[in-house]
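> Since chain A is already given, all that's left is putting chains B and C on it; use the hints.
Given next are the chains, with one letter for each unit.
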Amino acid sequence: MNLLDIRNLSIELKSATNPILAVDRVSLTMKEGEVRGLVGESGSGKSLLAQAIVGVLDDKWQVDADRFHWRGNDLMRLSLDERKAIISKDVAMIFQEPMACLDPTMTIGEQLTEAVDCDQLSGFFWQKNQQRKENAISLLHKVGIKQHKVCLKKYPHQLNEALCQRIMIAMALAKRPILLIADEPTAAMESTNQGQIFRLLASLNQLKNMSILLISHDLENVTHWTNTITVMYSGQFVEAGTTKQIFEQPFHPYTRALIDSSPKANMGLPAKSRLMALPGSIPILQHLPIGCRLGPRCPRAQQECVIAPKVQNYHGHQFSCHFSLKGSY
Amino acid sequence: MPTLLQVSNLSKSFKLGRNWFNRKIFTALDPISFDVKAHQTLAIVGETGSGKSTLAKLLVGAELPTTGNIKLNGQTLQPGNFKQRCQHVRMIFQDSGTTLNPSLTIGQLLNEPLLLNTDLTEDARHLLIRETLQKVGLLADHMNFYPHMFSGGQKQRISLARAIILQPQVIILDEALASLDPSLRSQMINLLLDLQQQMGLAYILISHNLGIVRHFSDKIMVLSQGQVMEMGETSDILSAPKHQYTKKLIMNQRFQLLHR
Amino acid sequence: MARDKIYLEEEFPSPLLQLWHNFKETPVVMLGFSCFVFLTILALFSPLITPYTSVENHLDFLLLPPAWHNDGNVSFLLGTDNLGRDMLSRLMHGTSLTFGLSFVVVLISLVIGVIIGSFSALTSGIKSSFLNHFLDVILSIPSLLLAIVIVAILGTGLSNTLWAIIMVLIPQFVHITRNAVTEEFRKDYVLASRLDGASSLRILYHSVFPNILEKLISQATLAQSSAILDIAALGFLGLGAQIPMAEWGAMLKNGIDLFYIAPWTVYLPGLAILFAVVATNLVGEGMRHALKVSKEA
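Chains as they are written, first to last, in the working numbering: chain A, 12 to 340; chain B, 3 to 262; chain C, 16 to 312.
It should be emphasised that the hints constitute simulated quantities derived from the structure, not laboratory data. Bear in mind the structure is a predicted one, so any value in this text is a computation, not a measurement. C-beta: ideal position from N, C-alpha, C; glycine also. The reader is advised that the hints may include incorrect statements.
[As the list claims (entries may be wrong)] Coverage of chain A stretches by chain B, computed from C-beta distances (three or more under 8 Å per stretch; other residues unrestricted):
(1) 142–150
(2) 195–206
[To be verified] Cβ-Cβ distance ranges computed for the label pairs, FRET-style:
(3) C:Pro66 / A:Gln73: 56 to 64 Å
(4) C:Val89 / B:Gln110: 32 to 40 Å
(5) B:Ala180 / A:Lys95: 34 to 42 Å
Okay, chain A solo, but in the shape it has when bound:
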């Protein structure tokens, strides 16, 4: 059974002039224990999608979907409060700049004890206090911070980014979620720290069988740590499949371009030669192309591309393109 099953989710920006589809019919499925990467450049709507799943979007966005199932329950039929109750119990999210996500006026200890789940405590209120503290310490141990005494008394600005991200992960783990959504967790970090955080996420996935949705703009970075990948461009679904399929045989021209712009592909090129790049730039929300939004930049675009392509499936490798690269493999 699929953990998360979303079909044709669209997020529309309600505005007076004409509504803009920031996310246009994207489908996403996740199984238990799977690490899926959601890759897209800026403006692809990946953060919006994650926020729509968790339910924290503003009123100015309107979310529609054909199917939005969580562990078999149809969430579209429930009221907003019931949906939030179910999702907040099982889904946790960590964000991009961890130091900015922590309260700068409280110590780490105070914030962690605040995050501890009240349902898991029992007894009288003085016992609960002690249990809360013990819970906080055990959470820190789970993310690999051994010297909890030193850490609990510090303020966020005294720690570095990687440590703050670990604390964010610890807070996310407090409710024992089944799915962890990581929205570009290592964007602001250097490579050594990035490796630490990814290794932590991988160990959490293996030990606790926790599914992870890893959002990133860097395809190369993510391919090492994920089982499956979904690629989005400018709010539209581009390609999805196992990491091996996507990396070795990309069907969509955009995925191909992303892979070509990664350092690994360029190892073969002579130094200081021109790189393969798609011309043009990412369309802004006010000027979205009709049909397939890659149309103006795509080297294989033709007349039919003004109609949005449907999703085709080939051995579990989904892609939406009229003129895919499937034939060339």
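Leaving out everything else, chains B and C in the frame of chain A:
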């Protein structure tokens, strides 16, 4: 090819400490010497705190060096004399959001360095701005737009236009490519390579992304905590690193590159 | 023949125009703004439009109630005070005194405060520290109290009151300017300007001021409502505008003794002060709201 930029014994140290007696000296950069030729790119690699931003600021003149001097084409660049320096050495910053003044149009933004440093008439300036915008791949109409209307990639191009408009000889890229998306990064690299060919520029690239460094640079310098760990040709150092620190850096990034 | 706009042209306004568009969105704020404009026009043109002058005595019509009362007279629309002077004309003249002078006061203290603040931000070390802390000490004293002290030193009279209030309002602007300019100087575009060879003064004028203008304007509206209240309060205490002048606070002082027999001599100036302060505050709120919205967008 003649040496364009020659740096000898450049170092920077700060005095810390509040009281007059006990002033600690913090060395941001130990004495360093190197030179760069035209059509060449020197990459400076290191983690935060290694002194690479200090080096960039010293080269462009934003800070005064404690010792040493910088020579361009044999002429010493005087520290503090911006007018002399800005015609030859220009810099592109990392965060494109704050490098452009939000209340000036692009035309006014590009006009300013021309007003301050050249004697061109208004028409000549206008023409030069149009040409420069076209060189970086923007339209001449963009002159009347404000910075907030552009995307990140376009803002970096405007920064590049501002850098090349005075026809300098050395451009310092202070992590300019780090915040761009991968596809835009490739476009920007192609543009920089073209300009290097056309104008004979020398680039000093400060980055911690070894993939870009490998592709884009001829020589590489590895800094750690203000000291030079290794310096030499890029292909030599990246294939056979001698110092422990360099090996660790490559391991961290290659680990994700090759492991498949 | 006018050319119709056939194609959907996108307009790209400058940041200040954008601010104005955001400002126009809220209806309540536009109401306040129109009241503000109304008061400004009154302040500028009151000598031309008042039915009577502010000091003309009509001894036959002492303490006449407003026109809607049974005893009222329509030629004195809002009644007269105990010396037979027409309330409407006095109120209108008072606009130019209380409201108009508050505007002038704020303008002068804005200019002086910005100059001192920028100077303080450009220098560093002991000089700037001294300036900043000295003025912060002045900030800690309540404005009205400080104004009373200064008037006690300089003597009573409207011009002395104005100087007192100017001096009291300067520290706010120094503080705001200094903070805003220091923050702007940290940004990269100022460094880029400096590297182009611009002098500090040029950087201030071209790069920094357009960006801090919005903060200064919102602080100025706050200061103006405080200035209106201070001028009125000093007039009420007898330290500001002297008796024949039609300043609202002085009118209140006049009318207080007659409250039970002629309440309109008290509530009409009071309402005028309320109206002016509310209009100024609405404009200030609207400006701050527009700033917030434009920062988010």
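> Among the hints numbered above, which are violated by the structure, and what are their numbers in rising order?
Checked against the structure, the hints that fail are numbers 1, 4, while the rest are satisfied.
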